[in-house]
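Given chain S, put chain W with the ligand in place with the hints provided.
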Amino acid sequence: MTTGVMTAAPALRAAPSHGRNTYDPAAVRGDFPILSRTIYNKPLRFLDNGASAQKPQSVLDAVQNSYAREYANVHRGAHFLSGAATEAYEGVREKVAGLLNAPAPENIVFTKNVTEAINLVACSWAGAHLSAGDEIVITQMEHHANIVPWQLLRDRKGIVLRVAPVEDDGRFDLEKFAALLTDRTKLVSVTHVSNVLGTVVPVAEVTRLARAAGACVLIDGAQGVVHQPVDVQVIGCDFYAFTGHKLYGPTGIGVLYGTAERLAETPPWQGGGDMIESVSFEKTVYADPPLRFEAGTPPFVQAIGLGAAIDYVQALGMEAIGAHEHALCNHAMEALRAVPGVRPIGEAPNKAAIVSFVVDGLHSMDVGAILDRQGIAVRVGHHCAQPLMARMGIESTVRASMALYNTTEEIDALAAGIRHAQKLLA
Amino acid sequence: MDLTAYEDYAETLEALDDEMRFEYLLDIAKKKRGEPFPEEAMDDAHLMHGCMSRVWIVHDISEDRHYFRGHSDAAIVKGLVTMMTDSFSGLTTAELAQITLDHVRRLNLGALTTQRQVGMMAMLKHLQKLAGARPGFQAA
Ligand SMILES: Cc1ncc(COP(=O)(O)O)c(C=O)c1O
Chain S
0 MTTGVMTAAP
10 ALRAAPSHGR
20 NTYDPAAVRG
30 DFPILSRTIY
40 NKPLRFLDNG
50 ASAQKPQSVL
60 DAVQNSYARE
70 YANVHRGAHF
80 LSGAATEAYE
90 GVREKVAGLL
100 NAPAPENIVF
110 TKNVTEAINL
120 VACSWAGAHL
130 SAGDEIVITQ
140 MEHHANIVPW
150 QLLRDRKGIV
160 LRVAPVEDDG
170 RFDLEKFAAL
180 LTDRTKLVSV
190 THVSNVLGTV
200 VPVAEVTRLA
210 RAAGACVLID
220 GAQGVVHQPV
230 DVQVIGCDFY
240 AFTGHKLYGP
250 TGIGVLYGTA
260 ERLAETPPWQ
270 GGGDMIESVS
280 FEKTVYADPP
290 LRFEAGTPPF
300 VQAIGLGAAI
310 DYVQALGMEA
320 IGAHEHALCN
330 HAMEALRAVP
340 GVRPIGEAPN
350 KAAIVSFVVD
360 GLHSMDVGAI
370 LDRQGIAVRV
380 GHHCAQPLMA
390 RMGIESTVRA
400 SMALYNTTEE
410 IDALAAGIRH
420 AQKLLA
Chain W
0 MDLTAYEDYA
10 ETLEALDDEM
20 RFEYLLDIAK
30 KKRGEPFPEE
40 AMDDAHLMHG
50 CMSRVWIVHD
60 ISEDRHYFRG
70 HSDAAIVKGL
80 VTMMTDSFSG
90 LTTAELAQIT
100 LDHVRRLNLG
110 ALTTQRQVGM
120 MAMLKHLQKL
130 AGARPGFQAA
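In order, the protein sequences belong to chains S and W. Quick note on numbering: numbering that gives the first Met the number 0 labels position 420 of the first sequence as 419, and the sequence is numbered without any gaps. Quick note on numbering: numbering that gives the first Met the number 0 labels position 49 of the second sequence as 48, and the sequence is numbered without any gaps.
Bound-form chain S, shown alone (with noise of 0.2 Å):
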């Protein structure tokens, strides 16, 4: 898929910096820059990847390469730079395609990170194709980005918004889910993995018992397309939203995967340049899906970043980054349960490498604050989900969310921190 117009540019390093078949952390972290700085004087242990995931060398070289090489505008010179930057974006839509495995890259529209594209939907095709009394169903453990717009919408055509519990530990109850199912039901939108308990939902059999109600299906892949292969196809659903910034791209560059069907029935969202296809001012004609939802010049740049992240991940392997992941997060889990007065929020059987905690007696803010003086990066808070945290009946939770390139020492390190918070805040 690359051309004559791409090859020109210098050979930039799209692979991991070691072999494919030997998963090692170490070699791994030589490849992003960040990670070797120190904060306080301490080595940097970044554990707030579930918020933004840091940039290895190659993404950082895409986007500089882009600025350098062959920067211009995306769909209209007809000039070499601009040919070769709408090939760079095009190419990537193709990319994302690959991941996901969407049928095809038209099925690919970019937008500027997920809650975006979950309010592309919530506006433009649910907007046009629900109406009063109509259901949605969400999850109590969804993030602010999967609560909000349905609100909105609430608010806008008297839509209904049903809300399927979450167990004590975490866990996602299937038959619970399902009596929410009425034949009103038109849409449910659920999170792929939730940000703050780590639970994988069984996304595929969500979408198999709303297809059966007659129900359309968006997920929120934010924290699912980092930790594990993703396809569409097998999942089912009409709509898959994710953020590149914790796939490790930059910043400012989201997608939204529809079904062409369901595309090709979403009214355009926002009006402007490079969505339509004719312009007078008796008639205009809007371009087909995608392009007919990227009004205005595109994040390219950022797009282009995220290519070189997902060619860098797919270097990996996403089947091997999962396994490493995996393995951290079960020696998270034990070496946060060996801490006396710490509890997990969040102990699903099957569950992504996000780990939620509480330490009795302490607010979340002075753990955190601790660590941070070691070094060790988390996030506190209520996670932009203050629905879940009312469920749980806390307000906030201490939250490491690993990455490719966490190690078990960076693990034991956040162990023996929490300690020291305690010895400290005793």
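Keep in mind that the hints were calculated from the coordinates and are not lab data. All C-beta atoms in this analysis are idealised placements derived from N, C-alpha and C, irrespective of residue type, glycine included. Hints are not guaranteed to be accurate.
[What the hints assert, rightly or not] Covered stretches of chain W, as calculated for chain S (at least 3 residues, CB under 8 Å):
{"#": "1", "stretch": "62 to 74"}
{"#": "2", "stretch": "94 to 103"}
[What the hints assert, rightly or not] Each computed BS3-like pair below joins lysine-lysine, with the alpha-carbon atoms no more than 30 Å apart:
{"#": "3", "chain 1": "W", "residue 1": "Lys124", "chain 2": "W", "residue 2": "Lys29"}
{"#": "4", "chain 1": "S", "residue 1": "Lys111", "chain 2": "S", "residue 2": "Lys94"}
{"#": "5", "chain 1": "W", "residue 1": "Lys30", "chain 2": "W", "residue 2": "Lys128"}
{"#": "6", "chain 1": "S", "residue 1": "Lys282", "chain 2": "S", "residue 2": "Lys41"}
{"#": "7", "chain 1": "W", "residue 1": "Lys30", "chain 2": "S", "residue 2": "Lys41"}
{"#": "8", "chain 1": "W", "residue 1": "Lys30", "chain 2": "W", "residue 2": "Lys124"}
{"#": "9", "chain 1": "S", "residue 1": "Lys156", "chain 2": "S", "residue 2": "Lys111"}
{"#": "10", "chain 1": "S", "residue 1": "Lys41", "chain 2": "W", "residue 2": "Lys124"}
{"#": "11", "chain 1": "S", "residue 1": "Lys175", "chain 2": "S", "residue 2": "Lys156"}
{"#": "12", "chain 1": "S", "residue 1": "Lys282", "chain 2": "S", "residue 2": "Lys156"}
{"#": "13", "chain 1": "W", "residue 1": "Lys128", "chain 2": "S", "residue 2": "Lys422"}
{"#": "14", "chain 1": "W", "residue 1": "Lys30", "chain 2": "S", "residue 2": "Lys422"}
Only chain W with the ligand this time, still in chain S's reference frame:
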């Protein structure tokens, strides 16, 4: 104006390195100085809004001078609140109105993140509002 408590804190902090400043802050939080914060004041009416942790402030006036007591459910924030309320209690309304970001900066000294400096400024404004020392602002 009498800023003895403030000067004490500032001079102590200036003599410490970053790591020790952090521990000093925790010590302040843990030290039971003065009366304990009244349990019944840990309510919505005394809550300072807009913080990640909860912060409660009680304001009293005696002989035209303002006295504050503060509390938080997070220890580090409790340390910051205590430092602020100790530092700026006993001032008149006019004196309190003269306290600025520069005063707060001296208590911050890079030991803390910028985020916390923003938090401390918010605390100062809250104290000034409670005391009516910010013209045009009413305590929420
Ligand atoms: C599950 C989930 N959904 C949505 C989002 C929102 O992502 P973004 O801010 O990139 O739109 C996040 C991350 O913050 C997330 O974890």
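We went through each hint and held it up to the structure:
1. 62 to 74: holds (count 3)
2. 94 to 103: violated (count 0)
3. W:Lys124 to W:Lys29: holds, 25 Å
4. S:Lys111 to S:Lys94: holds, 17 Å
5. W:Lys30 to W:Lys128: holds, 27 Å
6. S:Lys282 to S:Lys41: violated, 63 Å
7. W:Lys30 to S:Lys41: Within the cut-off at roughly 29 Å; holds.
8. W:Lys30 to W:Lys124: Measuring from Cα to Cα gives roughly 25 Å; hence the hint holds.
9. S:Lys156 to S:Lys111: Given pair Lys156 of chain S, Lys111 of chain S holds - Cα atoms ~26 Å apart, limit 30 Å.
10. S:Lys41 to W:Lys124: violated, 35 Å
11. S:Lys175 to S:Lys156: holds, 26 Å
12. S:Lys282 to S:Lys156: holds, 28 Å
13. W:Lys128 to S:Lys422: violated, 37 Å
14. W:Lys30 to S:Lys422: holds, 16 Å
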